[in-house]
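Those protein sequence lines, which keep their order, are chains L and F. Each step along the first sequence adds one to the number in my numbering, with nothing skipped, and position 447 is 447. Each step along the second sequence adds one to the number in my numbering, with nothing skipped, and position 12 is 12.
Some hints could be false.
[Claimed, not checked] Under 8 Å between C-beta atoms, here's a sample of chain L residues computed to sit facing chain F: (1) T240; (2) R325; (3) G328; (4) I329; (5) K330; (6) K360; (7) R362; (8) R371; (9) A393; (10) P432; (11) L433; (12) S434.
No wet-lab data here; the hints were simulated from the structure. Where is the CB? At the ideal position from N, CA and C, for every residue including glycine.
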Amino acid sequence: MMDLENLTIESAHKGMLKKEFTCTELVQAYLDKIRKENKEINDFLEITEKLALEQAKKIDNKIERGEKIEGLEGIPIAIKDNILVDGYKCTAGSKILENYKATYDATVIKRLKDAGAIIIGKTNLDEFAMGSSTENSAYGVVKNPIDKTRVPGGSSGGSAAAVVANHCLGAIGSDTGGSVRQPASFCGIVGYKPSYGMVSRYGLIAMSSSLDQIGTFAKTIEDAKLIFDVIKGKDEMDSTIIDQKTLLRQGFGGQAKLQNLRIGVPKEYFAEGINPKVKEKIQKAIDVFKSTGAEIKEISLPLTDYALAVYYIIMPAEVSANLARFDGIKYGFAVRNKKQETRLDSARQARNNLLDSYLKTRAQGFGDEPRRRIILGTYVLSAGYRDAYYNKAQKVRALIKKEFDEAFKSVDVILTPTAPTPAFKIGDKKDPLSMYLSDIYTTPASLAGLPAISVPCGEVNNMPIGLQIIGPQFYDEFIFEIAQIFGQLSK
Amino acid sequence: MISKEQIEHIAKLARIELTEKEEEKFANDLSSILDYIDKLNKVDTENIKPIQQITGLESVVRKDEVKNPSTSLGASKILDQAPNKQGNYFKVPKILE
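Given the sequences, and given the hints that come with them, work out the whole structure.
Shown next, in the form of structure tokens:
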């Protein structure tokens, strides 16, 4: 019997090598567990069983022939349902894409398949990745497997829940303002958002293009890094990917020494709004570093207070542009008046019919949150308001980036809480603004394009919380090293 | 504050039909979000250039050539997704007499 509870990517890899179980047995064990528990947790929208078992068979044949297998070969990975897997439905958690079938593989999927990873299913999410609790999906609320009366966080709540429920060994999510890190914190697992420009977004359904990055979930830091190493890097289908040979900082090659490390703790992340018990736990995590000789510096990032306001201009503006493509013509859900298909009375009426089809398709296809953000975005970009809102926000964003750059001259890494509270109860946050505030600690790094990782650092009232490690732009390898050191120290 | 009339106008620009009740709800939601956003006016941005690309990359281009015809998706696969089609075409509402 396989011990899924304690299995990691590394140990599953060893298990297959030592022939303790076959890849097919491993995949079957996960499929059985998902089938049993998905009704309640609702983390999966579709189980890609056929694809998974086909892939598993290939790996088993390879092992049988005595061929070498790499780290991700035969490892079941779950995919957020806003990332395209050829031939399978991709709904983005929205009714408007209820029947949409992906016509190609996203770059990250192609790379996972090439690396031999098993795509086990598509996970539930807030509609179009808009939300912080995964209560906004057109396909029902996702429950936190640790306490089913609570949310798993969002928007990648299905992916985070799938990892902690042992429905897979790792998962892919997308993080625009915290959508990987915050659910990782709420579910007690590792969640990593790369620097902007590290992972191709080709085949990710766009939400806010200047912020969207695909990130990874796993039970351990090593596992999250293993998946990242497979999906990262240059892709001619996404022109924002940086040339990593020249830009990617290499960290210390596994030799990071805490004695020389300067750690910044920004006081703005511990001000009003934070749960005092969360504050205490984060303080304890920082003390772990301190006890080994790292230098802890209190720093100030005064613009932190404005990050969420900047985010709620730039993101909806880009949402309103990106979601304009859902018009009921090329794909997806459509409302059409019978009469439009037949005879028409006049050109004016014909135009009105087309307009009516757009209005009704988008009214019925989109849920509340996408509609709210499209309307907000359209407003901040409309004639007379663009300068006051959008351009102002892009200027403050430039200042936020500069503030981080300045801070990183005197510290190597910044530590903060990932979220101000542990997972909240389902149905607790009814007004949009209070929901938005749960991303208050994750949006600054997104706006500045910085790498950030959430690692588990204890519990508050029996619910996990996360420590966020933010590094300078493109120091992705480095923050993994720091996270690993923390992981070992806090064992 | 944002009025119900403004919401009605903006929603039409965004091609989303709202009921009267929804107009009211969205006017309320957006007003409180805009109130929150207004705090940006406290930040001095005189002579600051707005961010265009966070990584500093500019005008990334490639040669305009077909690279891999075998990976091109093919019309039928894409047309299969259309709510309305006829032959090799998307079928759209008629807009001319």
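Status of the hints after comparison with the structure:
1. T240: holds (7 Å)
2. R325: violated (11 Å)
3. G328: holds (6 Å)
4. I329: holds (6 Å)
5. K330: holds (6 Å)
6. K360: holds (6 Å)
7. R362: holds (5 Å)
8. R371: holds (6 Å)
9. A393: holds (7 Å)
10. P432: holds (5 Å)
11. L433: holds (6 Å)
12. S434: Violated, because the Cβ-Cβ distance from L/S434 to chain F comes to roughly 10 Å (cut-off 8 Å).
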